[in-house]
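From first to last, the protein sequence lines stand for chains A and B.
Each residue of the first sequence is one higher than the one before, starting from 1 at the first, in our numbering.
Each residue of the second sequence is one higher than the one before, starting from 1 at the first, in our numbering.
Since the hints were made in silico from the structure, they are not lab data.
Computed footprint of chain A on chain B; a stretch qualifies when at least three of its residues, placed anywhere within it, have a C-beta under 8 Å from a C-beta of chain A:
| no. | region |
| --- | --- |
| 1 | 199-207 |
| 2 | 221-233 |
| 3 | 271-278 |
| 4 | 379-390 |
| 5 | 402-413 |
| 6 | 418-430 |
Straight-line C-alpha distance at most 20 Å; calculated SDA-like pairs for lysine to any residue:
| no. | chain 1 | residue 1 | chain 2 | residue 2 |
| --- | --- | --- | --- | --- |
| 7 | B | K429 | A | A148 |
| 8 | B | K429 | A | R105 |
| 9 | B | K429 | A | W156 |
| 10 | B | K341 | A | W156 |
We put the CB at the ideal spot given by N, CA and C, even for glycine.
Below are the chains, spelled out letter by letter.
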Amino acid sequence: MIRTSATLMTLTAALALGACAKKAPQELPPPPVDQSAGTQTPPPSGPIPGSQQDFVATVTSDTVHFDTDQSDVRPEDYAILQSQARWLARYPAKRISIEGHADERGTRDYNLALGERRANAAKNYLASLGVDPSRMSTISYGKERPIALGSDPQSWAQNRRAVTVTVQ
Amino acid sequence: MTRLLLSVASFALTFAIATASAQQPAPTAPPASASAPQAEQGLSGSVTDETNEAVRIAIPPMPTQQDVNTPAGSTASLGVRIAEVIASDLKNSGLFQPTGPNGVGAITIPEVTAPAYDRWSGMGAEALVQGFIRSAGGDADITVGCYLYDVSLKTEQTRLGYVVPSRDWRRAAHKCADAIYARLTGESPFFDSRIAYIAETGPKDNRVKRLAIMDSDGANHRFITNGQSIALTPRFSPDYKSIVYVSYVGRRVRIYAYDIGAGTQKLVTESENAVFAPRWSPDGRTILFSMASGGTTNIYKVSAAGGGTPVRLTNTPGINVGGSFSPDGSKIVFESDRSGKQQIYVMNVDGSGQQRISFGGGSYATPEWSPRGDLIAFTKLGSFNVGVMTPSGQSERILTHGWQDEAPSWSPNGRVLQFFRTSQGRSGKSEIWQVDLTGVNERRIPTPVDGSDPAWGPLLP
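Sequences are here, hints too, so could you generate the full structure?
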């Protein structure tokens, strides 16, 4: 039983890492899976298929970025949304919410509108890849939830984003 | 006394505005002295530019005939505190240099109506505020008398009597300060008014944002929401009974109307889309809001009474957002990026006649129509500062110079703006600030925690 407990703890740690990956750099590999467990317990095989952790671990990134005051998906981010569309095709019962964000150098109301416009742009691109629009909702956080805390162009660039999260 | 005839002339020159504002009559004032001098003869006002000096005004403690206890403290202590609030209001306007009540000797009840002028002129005071406080004690109302004198002319300028529950003693002080401000500046009063705003705590990437209210000087502060959901952009209804604001409760962006008396709230409009930027019409019957749908945002209006289908006022691609009614309710100023960048537009209240008014270069946001009708306040983007222009887009002037100053809200008399100032860097700290139309008199409004989105309500009756 001691071995099992240790394994469960390791699994919990792996899941926690998976959750953290949402905020990590885009190129982060899937969280490591502990392989040291004994033969009595089947080795954990990573995040539960179809889960938010699985989504984050599988897609190229959960986040696309935007130019200042712009809401067109950048061509270099098409592959990110394509990877999200592939995952959604694999789990057709899953729904997503796309969270649109703006940097701090805009006024509050306008940024709410801009965040919605960005989320909508990502949603439209996913729809063009065959994702049923009824599976996708959008919410704008405007400038209320920055991910980078600096007041500099690099931070602002990171904060101009649309983040896909699975729901249900 | 000509030096004290500091009139609205400096404003008139700067902004080319109409100056003859209707004077607000002092509420429940006892009959003013019949020999009240004309403005041309006596102590008069100063909504000043930087070259004018603040009026030196003495404010001794207000005596009480009989020191009795009230729930707000003894009448003797209230007499001191009321004088303190009057002094603070006048000082914070930037137009007055008060002396007292601390460090100024006591006066007697008979002196209230018969000032010892030589004593005050000997101190260098140009004006004098005296008053008294009276109460039967216990839960009885308090009566506050307030008198303004011209020390050189040795004449009474105005007087005011105010009867309030003792817990509202600060309102009596604000009313007195308002009467003095109005008499000496020729402007409408504004101290006796309230602010709705968003109280902020926590780290920059996870700010807790709560709806809160306070008096115009930061006193009588009260939190309304508990911070579990993000709250944004509150606005007091014109009768102060309700606050509309944006809430993220249920992970949706929607507008609620919070009933202050009942402590309940209701959705302003039902929609699957994000609904935000609520604004009241001056008569309180209509609420403007912005709704984002499919990547575009447009401005709508809906009955404040609830029910009814919202009416769409704008219909262009891009973002049309915000809005502020002209004081007569006939026009709305709003922002739109239909030209490619955020600019200020004016339309009729039915949505017709949409016209851009901002052509000063750069881009503009958060237009707010002055309650006097003569100016539009805005956030200038790029520099991120607060400025004003006329409703036809002329005479643009930038008033503040912070790192990020945003979302001006007018004082009830249209002569002062509150806005919020966000610090550069990782703290995410924001504070509520106030500036008058000269841009010179700027100060921070004290709040228990950080603050943003101030919304100034009208003058209380």
